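Residue numbers (the numbering used here), protein chains in the order written: chain H, 1 to 335; chain S, 1 to 574; chain L, 1 to 328.
Keep in mind that the hints are not guaranteed to be accurate.
As the list claims (entries may be wrong) - From the structure, some residues in chain L lie toward chain S, with a derived Cβ separation under 10 Å:
#1 89
#2 291
#3 297
The set of hints was computed from the structure by calculation and includes no laboratory data.
Quick caveat: nothing in here was measured; it's all calculated off a predicted structure.
Note that the Cβ used here is the ideal one computed from N, Cα and C, for glycine as well.
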Amino acid sequence: MLTFTIRRLILAVPTLLFISLVIFLLLEFAPGDPMAQVPLTVPPEVKEKMREALGLGQPAPIRFWKWIVQFFWIEPQVLVDHVLGTSFSAGDLRVISWQTRSPVMDIVVQRVPQTLWVVGVAYVVGILIALPIGIYSAYRQYSVFDQLGTFVSMIGFSVPPFFSGVFVIVIFSVNLGWLPSIYDTTHRVTDWDSFVVQLQQMIMPVMVLALQITAQISRFMRASMLDNLNQDYVRTARAKGLGERVVVLIHVLRNSMIPVVTVIALGVPSIFGGAIITEQVFKVNGIGQLLITAIQANDLPMVQTLTFMFAVLIVLFNLIADVLYGLLDPRIRYD
Amino acid sequence: MTPKTLLLGAAAAMALAPAAMAERGSDGELRIIYWQAPSILNPFLSGGTKDVESSSMIIEPLARYDPEGNLVPWLVEEIPTTENGGVNEDLTSITWNITPGIKWSDGTDFTSEDVKFTYEYCSHPEGGCAQLTKFKGVESVETPDDLTVVVNFSEPTPFPYGPFVGGESPILQKAQFEDCMGARAPECTEENFNPIGTGAFRVTDFRPNDVIQMEANPNYRDPEKPAFATVLFKGGGDATAAGRAVMETGEFDYAWNLQLAPDVISQMEAGGKGVAVAGFGPLMERIHLNQTNADPSLGPDMRSVSILEDGVQQNPHPFLTDPAVYKAMSMAIDRPLLVEIGYGQAGKVTCNWVPAPEAFNSDSMDCSTQDIEGANKLLDEAGITDTNGDGIREKDGVPLSILYQTSTNAVRQDFQALIKEWWSQIGIDVELRNVNSSVFFGGDPGSPDTFQKFYADVEMYANTFNGTDPQSYLGNALCSRHPRPETQWQGENTSRFCDPEYDELHAQLTQTADMEERARIGRELNDMMVQRGGMIPLVHRGRLSAHSNTLGGVDLNVWDTELWNVADWYRKNE
Amino acid sequence: MTDPRDPESGPDTGHGVLGEPSPLATGALPDPMPSRPPRSQWRDVWDQFKTHKGALLGGIIFVAIVLLVFVGPWLWPYDPTQIDIRARNQGPGLAHPFGTDQLGRDTLARMMAGGQTSVSVGLAAMLLALGLGSLIGVLAGFFRRLDGILMRFTDLFLALPLLPLLLVMMLLFRERLNAAFGPETGIFILIVVAIGVTSWMPTARIVRGDVLALKEREFILAARSIGTTNTKMILRHILPNVLSPIMVSATLGIANAIITESALSFLGLGFPPDFPTWGRLLFDATDYLQQYPERVFWPGLAISLTVLSVNYLGDGLRDALDPRIRGR
């Protein structure tokens, strides 16, 4: 197991380097211009100067190399400096966003809290709702509850968040006036009252997102439970005279959770990736919104850094999922 | 609060002047939402409207435009003119006298050195300053004393109010930005995010592309202003959500630039929490007519390439330069309907390229009624008829089929569909195309889809100019401004319009100082461009913003930033 | 959905509950199997499928939707691009049963045109993802030498963040394809390819897992011992046995593609505004949610109904195609 993990970790390094090159090339060949959003009243000569100031005049390999150095060498130093109060990175140029002319990582760090609050909580809530639904649906397969659960989760899956989000805003913010339609990222939770305010502004985006997550996880849970419910060991357990509750909730559930846990682990990077559409609709301004504005503004260093960080997370959690699978299921051996 | 101020306050309230009872910071929090989030508070490094507007609450220019388009002194005693001796006789220098006693928000004095520094900062060759055009023609900036600034131009400048005037050209503090010149500009994150200014507010927390928090500037020159203690400046989302937050839920006080369908706006206003206000600058939506041949079968050396010999186009468009054709195309358009569908309150019918300021708005043309019959008649009389019975007219054997391109945008696609329908009624076949706006306006010489390259017969977009003087904007139709392969397809004259008479008249404009005469020439140039087939004006577009019913003092300004008078805003008591 | 099967569970370990999905199943039971001539495999599949009421209904609805959007425009007098400015913003009525939009275009005609695009995108993207996924999955599972490299390749694609990749592909190839195939076909190809190449990986992983398990089974050994070639082996013995997970991926793929397309419309990177799709229609109507709620209703209903029907169809197909369940 350990050698497997180490081998995969070592293998991940060239994979990630290759991915960063692929992302860079993709962005490099994409048409579009960071100056496209500058008003037409700014004449072309000035735009050309602005492009040069961004470093766009340099050849692509040099820019890629610069990015690699900045991301893998300077940014970790900045982190070390920040934690230990040293000054390794003093004077070094960090990865700078073209839109804001400020270090990309600073903005990312700024955005992580609200993304974790909203998307992370939605993920947890979604899982907490999904698991019981999946378990009961499978146990009472083709019952009214199962049919209803399937139906609701399919609706949740099929309604795009740009619609469901606006729909709940119109109902709960405009017509009823209960909840704010715009998420305040500057809000600090200090006491009970401010916690209630935070809860109020979170509830709509969290529920919209959780609906989608629930829809997917509950289907996995149901399928996995169904697979196990018909196994011999279940029959044996029942024959032994174990109670139905013990059979289902201990024997079957434990085995059914194995694939579901890996599916959940595989979904974790998407929390950090944010939810582009939901963040946009509720003005949560997290990582997803950062990415989409960067794409729209052709802010290549920002897009490159963000997509690469997602790639790292995805590779990492793929590995974690595989390891978890091996740990949880003794039948699986990696060699 | 002392008893005296209380008394004064009561007296003011009795005098029915709610604005006058303001005391700095007495009205709590001002909440503004811009659906495009500001990414930097240094307008010299961005040029985006969102960044210029948000930074205008913090840093200010020497003079501003008011909502009528008049210059008003801001940090100076008066507007220099030739009459008061502020502008010298040969129009090569302008002298600004700074109001004494103005302080930066850090408490230091605002001096002429800062003004001079701002010029040096922006004109640094490696800085990539977005507002470089503001300083065009400036030879030097002198500071005879702490409160006097002299701007010298290299040649006579009849309109010397470019540098340090308007929201795009604010003054930066020298002490803060001294180490941020040229190539070092992007390293100054702290400075770019938190500029020290003379404005009514100062930044307490700036989160790029998300939110700005500000507080009243303790050193602001008017001790009673601003009325608001803090500002929450939220960015992001979309125009619908911003309008909803102001007019329907009342969560925000001010929402900027609501490009929404008219019925959506009126539905929101029915929410009763706020109102929409519109203002009209020179922004207008138009169709440019390609004067050169854009036939795809031509090679890259010929397609849409302007070849001029003595001001005569050697590669002319097969039919678009025919007056009967472009006049008929213009007549077939129902502009009032376009306004109603696309812009509502925020649009007006216009026949002019320069629809504002009022002095420059020509009244020689009328285009507010659609006349399909007249257009058909015009084409018939010109001998441009359908000779082969396919429903499409031909001119000299060339069928009137045009490719009509624009940027991808819901309103523009609606316009395209409508105009295609109307043109088909006068026997013109139209193929529609829309290009992603970051490519269309991107200016990449390698892309075939930029608006400058104009690989189409007609194209639609909107353009405007800053300030109130259209001289350089009118220069966009000069023969020398054609985008060509030699210029990397850069150039403002996308129509490839060329008329020696026009060039001559424009040269005259650059030599004229008298305002009335300038306006007359301007109107004539405008008429020439439109009547000689350079473009078909469609809609004069306004700015539509919304403010809540409890926010007072809003005076929508299209000539400067919308937040120009934010110091005067106050909370109305209901 | 993935339902990982482990090699230990033999072909006949109890599937009692699954085998008798509903009382309706009894209808198929009275046939005494041995007394009849051998039945074709597809007949069995159909019989099993019929017993799943939800699947049958889902199938019927899906076929009806497909027929409506592809045949409907031939029968319906209005053209989706025909502008009738006098009749704009109308509610549902006799002339326009679904009402009209802000330019007076008939909503029913636009729904059908939009459905054509959305359903075609869904089907084509699903076929592409499925083809790629099954190919790579089968190859990786069957040939040990290819396994490592193909799975690293799959990991690479999994690690590429999907939405950004999609967005970049949009920006990258849109204009070129437009030039080569015209704006409509160009963007169609692009969206199908974009969705297809970013969604084949789960299918590949599942198929590979199943193939690995199948390879150890006796019937494969038997087939190999009588000299079956690799190609024959894959086509005759492997593929039919992994059809069930492939079918589930397929149905999910259709739904996913339709939804991804609508998300792209929201981000302004999908089909252009003048080109209706269900996602686009829903997005455009969202602004008018308060004034004209019916405009949101129709595309929303169409998307949900399609996704729902396809999923029930998938459930039924899964049961019908799984030889362990069928015929019990």
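For each hint, the structure was consulted:
{"no.": "1", "hint": "89", "result": "holds (7 Å)"}
{"no.": "2", "hint": "291", "result": "holds (5 Å)"}
{"no.": "3", "hint": "297", "result": "violated (17 Å)"}
Consistency note: the structure conflicts with earlier hint 3 alone.
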